[in-house]
Amino acid sequence: MSAAEPGFIAVVPARYGSTRLPGKPLLDIAGEPMVAHVWRRACQSQASRVVVATDDARIRDAMLPYGAEVVMTRADHPSGTDRLAEVAEQLALGEEELVVNVQGDEPLIPPMLINQVAQRLADDPEAAIATLAESISNVETLFNPNVVKVVRSLAGRALYFSRAPIPWDREHFQAQPALLATDAWLRHIGIYAYRVGFLSAYRELSPSGLEQLEQLEQLRALQHGYAIQVALASTVNPPGVDTAEDLDRVRALLAQPSEGEL
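The sequence shown lines up with residues 0 to 261 when you count with numbering that gives the first Met the number 0.
Incorrect hints may have been included.
What the hints assert, rightly or not - Okay, the calculated beta carbon distance ranges per label pair: (1) G6 to G66: 16 to 26 Å; (2) R169 to Q255: 45 to 55 Å; (3) L204 to V146: 23 to 33 Å.
To be clear, the hints were calculated from the coordinates, so they are not data collected in a lab. Every residue gets a Cβ at the ideal spot worked out from N, C-alpha and C, and that includes glycine.
Given these sequences and hints, build the entire structure.
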């Protein structure tokens with residue numbers, strides 16, 4: 000963080016429903032629900048306030064004994080950004096305040112990344128959103144449609160997000176090389192900082208064609224002309240929990256504090 004650290008609020012959205020892992024936020028990891036690990040890491044950041052946003056009383060009841068601030072939201076939000084907009088409205092946040100969305104299935108997220116994405120947005124007053132990315136070092140990851148790629152301008156602003164391998168290396172990709180020769184390819188890390196004014200406006204934006212084609216919510220903002228700053232992550236962001244295999248891996252890491260603490 001720079002000397003002028005921005006004030007920001009961290010929000011941890013936690014939905015009970017999950018296709019692959021029902022009740023995911025409450026799954027036990029080292030004797031605690033997953034969402035508690037995420038909340039604690041958000042509390043270790045420089046956020047002035049950390050809020051768990053949920054639509055399920057079971058998650059609220061699990062977090063209150065920790066002393067967590069919990070906001071109950073509607074269950075019918077079409078996206079996580081819409082849920083954050085409701086939280087900002089309930090908390091009566093000002094238009095220029097910053098909100099960082101810390102995904103509820105990231106129990107290993109380094110607090111410094113939460114700080115970094117907030118700082119990135121604070122440093123560009125014309126941007127509505129900031130997010131993070133990291134270099135892609137192998138072709139398998141680049142060509143995996145479940146891995147979202149991002150291309151940036153020289154000023155660090157997002158030009159496009161895609162599930163496709165972008166940018167396309169015209170000379171070499173026909174043969175799908177075994178190694179990537181440069182650091183031109185970036186993997187998007189799904190942590191966002193928003194200005195509250197954008198969250199208020201987002202709910203009025205019509206879904207975009209690009210968003211629907213790629214199934215990437217951030218393309219709505221881009222196609223409507225909002226600027227998104229993208230910083231290169233200052234440290235490795237361990238994978239979150241999407242599958243039962245991911246859960247086993249995280250459980251093994253956090254069963255050994257010397258290895259699990261980042």
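Right, here's what the structure says about each hint:
1. G6 to G66: 16 to 26 Å: holds (21 Å)
2. R169 to Q255: 45 to 55 Å: Check passed, 46 Å falls within 45 to 55 Å.
3. L204 to V146: 23 to 33 Å: At roughly 26 Å between Cβ atoms, V146 and L204 fall inside 23 to 33 Å, so the hint holds.
Going through the hint list in order, the structure satisfies each hint without exception.
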